[in-house]
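Visitor: Listed here are the chains, written in short residue letters.
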Amino acid sequence: MESMEEETPRIGVFVCHCGINIGGVVNVPEVVEYAKKLPCVVYAEENLYTCSSEGISKIKEGIAKYNLNRVIVASCTPRTHEPLFRGACEEAGVNKYLFEMANIRDQCSWAHMHEPEGATEKAKDLVRMAVAKSRLLKPLEEPEIDVTPSALVIGGGISGMTAALCLSNQGFKVHIVEKEPELGGMLGHLYKLYPTMQDASESLNHVVNSVKSNKSIEVLTSTVVKQVKGFIGNFEVTVQKANDETANFEAGTIIVATGAPIFEPVGMYGYGEYDNVITQLRLEQLLKDGQLKKPESVVMIQCVGAREKEGRTYCSRICCMTAIKNALLIKDLHPDTDVYILFRELQTYGKHYEEHYRTAQDKGVKFVKYLQEKSPRVVSGKNGELTVNVYHALLNEELKIGSDLVVLSTPLIQHEDARELSQILKVPLGPDGFFFEVHVKLRPIDFATDGIYVCGTAHSPKDTPESVSQAFGVASRAAIPMALKRLRTEAITAVVHENLCSGCGTCVKLCPYGAIEKDEKGVARVTEVVCKGCGVCAATCPERAIEMRHFTSEQVMAQALAALGRTSA
Amino acid sequence: MTFEPRIVGFLCNWCSYAGADLAGVSRISYPTNIRIIRLMCSGRVEPVIVLETLAQGADGVLVMGCHIGDCHYISGNLYAERKINVLKKLLARTSLEVGRLRLEWVSASEGGRFAELVKDFVEQIKALGPSPLAGDKPDKNILAGVLAAKAAAEDFRLRLLVGREKTMIDDGNVYGEKVSEEELDKILNEVIDTEFVRNRIYLLVKEKPLSVKELSERLDLDSKTVLRHVVVMRRRGLITVDRVEGTSPLYTALEVGR
Ligand SMILES: Cc1cc2nc3c(=O)[nH]c(=O)nc-3n(C[C@H](O)[C@H](O)[C@H](O)COP(=O)(O)OP(=O)(O)OC[C@H]3O[C@@H](n4cnc5c(N)ncnc54)[C@H](O)[C@@H]3O)c2cc1C
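In order, the protein sequences belong to chains B and G. In terms of our numbering, the first sequence is residues 12 to 580. In terms of our numbering, the second sequence is residues 34 to 291.
Bound-form chain G, shown alone (with noise of 0.2 Å):
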């Protein structure tokens, strides 16, 4: 049987979900893969939902927005935009492709473009091949790295990151130093990384208390860094030592804390 990818679709009440009525007013074909859920703006795209519904194995997910200047809410395409972006990042990070993810602006009256764009999606993941997260049977390894990433969507830290970029590029940080899209785009890779990292070992040591060579094995990064991000998470208390073997000391995690 041929591949059939499933593709969830998230878009706007006003610009693309009207596109894509107008697909379908127009009598304009496209492939029949995709799902769409209506929202009212594409800044209501919550991250950790987008990382969800690939972990639950969506081969693909499409978000439509209202192109820049025309959002029916001001700026919320702003935000989608921001949030896709760190999206992406942090997808990166995973071994699940970046691809499987886009972002586009279709307007009310761009109907040809809703349904060219769904077509080029539907390729594109075609390419990439099922998700390996789809099935009874996904990739216990992709998906380990996709959940790092949805917790990391959910934590605190990056979430207000990701809340202020907007604000901090155009009236400034709290000083009012106003801060350039370069310089935000470095601090926003440094949270990344720490974040994804973190919870990987988090979601790691939860499974089963590992010391710190074993979890340098597993993420396959240097013992030195693994060290610096467990002293951190203990003393933020989300670890804790569960016991020591010969001279190591195994780490577990903690329920609460954060």
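Only chain B is shown next, with the shape it has when bound in the complex (with noise of 0.2 Å):
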């Protein structure tokens, strides 16, 4: 490696007609002459697709008879094809990355189709651009680690022990650690859970029993984590018990599974003044326990604190068919009595659940349309006894319903501690305060932190059916690097140069994955396999002396001073 540092840079540059997508554009023969002068250019040729076996073989020939040390491919966006590519240079032997790409068809020929000079002037500057850097690429190596085949689950809700038992058939071990008492979260509040109107208790108590059970999976009730160092494959996590004790393990990697409470409606609709205004939560405890005393009427109001229009926007997804369920509970045991779900919007798709609404409607619960701007009051008469006003939008008048019962539908919230937690792991969360994937539809269970993961409501409301979908997927994710044993990670890493660091430790505090520590000597030591590349360390240091791989100060100059048609002294 260190040899090749020394090499003078004998550059290959293949430009894609990509079919007519570039050709029919770009004059690429021009492309590919006026590469050939460009300075360490050794080689440069056109090809049909480059991406196609034949354009890769052509890569791969290219190196071997023309000692080519770095190549470049003129075609489509590196955010595509850069994989293939660097496999390809891998193959015949360059450091992959000594591989650099000049983006000349959707950053060019696409977007100036009826520019063929101005596009064909662009794609030289490109090509120039990257010559420019890949003159002073380096080339780099990814580190290799072990990884711990343990997990931690934090939250022993019916996501995280899903993703235990699933872990634990896979033959790892995993620590659950969870905050209550006792094994069970939301799920041990709930009376019968839709669509199958099983009791909520029964589903629960064979995953707990399985849980506790097996050997392989440690539980730590009235437990916190208080410290997560380390990186995937390579946690170290400290906990601590109600009594203060503390205790460490290791783990590979981490599933974040702490669910979600409910907002109380404290001062909304009488909540908090009237005892016979209650969350769904309540009416589902009293449900269960058999407390329930027969109510003449019941109104249960929707959206209560949820889809607001500034603060918690958000719909909470379960609350409809929450209501619906609890009405016909309700129903069920008393068929005389009234239940009006007044709602502003009714959200009841999905396989089972719009049957659940249509048979609320069959056995006679009423559905009142309200609109947010004219919510409903409560208000209390001489003898406690409660009226509800409603503005029916339909009838275009006030209805008054007399209640001895009503019941508001609040969304999931986030934990007062969710965001302590989401600072001892770094990861983040959104705008609605739940834990926040790294992407909403490609990787919609993992953090950007690698290792790390999230399922169930901790991560967005959602029902029991999704929550448990979530865990069986947080659960592969999580198998996958503890399958592998070894990981190679990220090679695009900042660098300290000790000699020039001050020790002012800027950096350290602004990395956000907090892969930055200062060292026995007083300096910046950046931990390779937590960096994640970004760079902001390199761009911010008062010393700079933080080098960015891959994307270094020179090497960002050198495209710069190209891209002006000047050359780098």
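These are calculated hints, taken from the structure and not from any lab test. Be aware that one or more of the hints could be misleading.
[As the list claims (entries may be wrong)] Listed below are the simulated BS3-like cross-link pairs for lysine-lysine, each with C-alpha atoms no more than 27 Å apart in a straight line:
| id | chain 1 | residue 1 | chain 2 | residue 2 |
| --- | --- | --- | --- | --- |
| 1 | B | Lys237 | G | Lys199 |
| 2 | B | Lys411 | B | Lys304 |
| 3 | G | Lys211 | B | Lys529 |
| 4 | G | Lys211 | G | Lys122 |
| 5 | B | Lys437 | G | Lys199 |
| 6 | G | Lys219 | B | Lys520 |
| 7 | B | Lys437 | G | Lys211 |
| 8 | B | Lys520 | G | Lys122 |
| 9 | B | Lys240 | G | Lys199 |
| 10 | G | Lys199 | B | Lys529 |
| 11 | B | Lys520 | G | Lys199 |
| 12 | G | Lys211 | B | Lys520 |
| 13 | B | Lys532 | B | Lys437 |
| 14 | B | Lys237 | G | Lys211 |
| 15 | G | Lys121 | B | Lys520 |
Dock chain to chain to rebuild the complex, using the hints, since each chain is given by itself in its own frame.
Guide: So this is what it looks like as structure tokens:
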């Protein structure tokens, strides 16, 4: 590797026609001729499709024949094709970080279809910029690390327990850390579960028992996570018991399954003021304990503190179905009790869901639509009897519904201590306060930090089947690195030039991943496997002592100068 | 020939570069003037590089990152915002138009927005005309200003302040006192003023020894202010007396120091 750094660059440039996608606009032969004249370029050719197997062979042949030690492909975007071309380089013995791309399709021919001359000039510039960077590229090695075959699951609700069982079935050790004295989470407080109407405890007990009897799952109740150090494969976890005792263990991966409590609507619709204004959660408990006295008239109000114009703008996803479920349960117990559901919009999409809505209508549950700007009001009479006034948009009149039980459907919200946990784990919370995945479509249960995953209502409001599906998902995600046992991590990381570092600690504070620490000598040191390669530290370091590999200041400056047609000194 | 600006773009890989790709994929056309450099994060944008790019004659520099809250690296774009803010303050002290630098947020799904912004920026630069620093004969005076700005951006004091800005607002200073945006802006302006002037002085006396009077003429600053800076710079070992002409000492730059 050292000797390679000394080698003079011998660059090969492969310019792609991409059928007519590039060649139909950009004068490819002209770009090839231009490339040949650029410094350090020893070979250039055009390909119909550089990404075809023929094109790939051409790259490999070129490397062998012309003894190339750097390769540039001028074609599409590195976001999709860089891995393929890097692979070709690697197979032909060129370190994959000595590969560079010029984006002459997505950012050139496609955007400038009616300006062939301008597009050709731009393509030449982009190739020149790529050459300028390529000359300065350095080979990089991806550090290899061992992975501890053990997972930490934070939260012992249905999601966390399901994930833990899945992982233990695959032969991994699991620690479940649950802050409450008992496993079970929200399901422990619920009566029956839509869509099957089974007892929540029935589904739950089975899982709790499996977890408790499983020898490879260690359950730590009344315990919270205090500190997490390290990185994927090698997390060092410190937990704290209620009695302040602490314990340490190692984990290869971490699953966040901390669930979500409900919003307590204190001060809304008389909640906290009148005893017979309660939440859906409280209603579930009353039903479960068989303590619900027969009501004459129940009014359920939806979207209480949810789907607001500001703040909690999101839909809590489970409330429409929960209200319908509980309305049906009340109707089953007391068929002559009136049940009203005051809703803004009703969302009962999904398998087996719409049926419940229809059944509720058949059984006489009354659905009344209200407007957000004219939300219902709960007023109390002399003898404590309640009246719910609601403006009926279709009838254009205010209905007055006498009620002896008002039930508020409130959204799931993030735990108060979630921010602390997010800081301990260095993973983000989204604008709505829930744990925030790295990509909503393509990586919906991963965090940007490798080795940490999220499932269940910790991520967003969802019902049990959805939470369980995600739990299966995170278990298989977490199993990948643990099954591989060894991992290669990012090579594009920051590196501190110790002799320049003054130990001011600015970088330590700003690194969003905690990848930088001060070492015994008082200078900054990057933990490579934690570094994600954003380069903020390098751009900020007061002493300019940090170099961002593969995007060094020298390389970026060379590109900028090449863009201006100037050469670096 | 009509003026076709040369614009250098610094785009983050995850949002804005992807947005630029999408413009192409959607066949949305925009002017050919921009040359894009891909970085992993807009937070990687190094002030010194931006100023050098302008000094070397770019007609415009367009920095693009993920929308606030969408940064792939959690907070990188917030740091980008702070750096561009400081860069604009520095540029405002030179005679190069601040409008030659722009920061915008573009998401991966905003191909149309990307194209619009490039179009708009090209118009903006066309209205400003060619950079006085482009071509073989850059305007010496303006260049001196931009180089002083660059030197200030390389300077430890300013960089330390910019690097700590966000933490000072979020977590407070070393004494745990939280600093408000306004207070910080005031401090920032003061430091930028000082650093900029000192670097101008340094670069001027590096060329040839000058007296306080001469310096104050060149910099269009009162001699009292210049003298104050000269005193500090002498103490810090940045400049020294070269010789005395009549009664006034002429100062010259020292290579080391800082
Ligand atoms: C009123 C109501 C009715 C519902 N009805 C239905 C229904 O009929 N059908 C249905 O499918 N779903 C229903 N749900 C939704 C269901 O409760 C959730 O989908 C499910 O509980 C999600 O499971 P979970 O494990 O992700 O979270 P939870 O059940 O909330 O479990 C999370 C666990 O993590 C623990 N924890 C939290 N923070 C920490 C921490 N920092 N450290 C350690 N441990 C922590 C908590 O104590 C808890 O035990 C209902 C929800 C409500 C509120």
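Visitor: For a C-alpha distance cap of 27 Å, please report whether B/Lys240 and G/Lys199 respect it.
Guide: holds (24 Å)
Visitor: Are the Cα positions of B/Lys411 and B/Lys304 separated by 27 Å at most?
Guide: holds (23 Å)
Visitor: Between the alpha carbons of B/Lys532 and B/Lys437, is the straight-line distance 27 Å or under?
Guide: Holds, at roughly 26 Å.
Visitor: Would you mind confirming whether the straight-line C-alpha gap from B/Lys237 to G/Lys211 stays at or under 27 Å?
Guide: The given pair, whose Cα atoms are some 26 Å apart, holds under the 27 Å limit.
Visitor: Against the 27 Å threshold, does the CA-CA distance of G/Lys211 and G/Lys122 hold or violate the hint?
Guide: holds (23 Å)
Visitor: With a cut-off of 27 Å on the C-alpha distance, tell me whether B/Lys520 and G/Lys199 pass.
Guide: holds (10 Å)
Visitor: When you check the alpha-carbon spacing of B/Lys237 and G/Lys199, does it fall within 27 Å?
Guide: With Cα atoms ~26 Å apart, B/Lys237 and G/Lys199 stay inside 27 Å; holds.
Visitor: Can the restraint linking G/Lys211 and B/Lys520 be considered satisfied, given a maximum Cα separation of 27 Å?
Guide: holds (16 Å)
Visitor: Regarding the pair G/Lys199 and B/Lys529, is the alpha-carbon distance no greater than 27 Å?
Guide: Given pair G/Lys199, B/Lys529 holds - Cα atoms ~20 Å apart, limit 27 Å.
Visitor: Compare the distance between the alpha carbons of G/Lys121 and B/Lys520 with 27 Å, and conclude whether the hinted pair is satisfied.
Guide: holds (25 Å)
Visitor: Do the alpha carbons of B/Lys437 and G/Lys199 lie within 27 Å of each other, as the hint requires?
Guide: At roughly 17 Å apart (the allowed maximum being 27 Å), G/Lys199 and B/Lys437 satisfy the hint.
Visitor: For the pair supplied as a hint, G/Lys219 and B/Lys520, confirm whether the alpha-carbon distance does not exceed 27 Å.
Guide: Holds. G/Lys219 to B/Lys520 sits at ~23 Å (cutoff 27 Å).
In terms of the numbered hints stated before, the structure departs from none.
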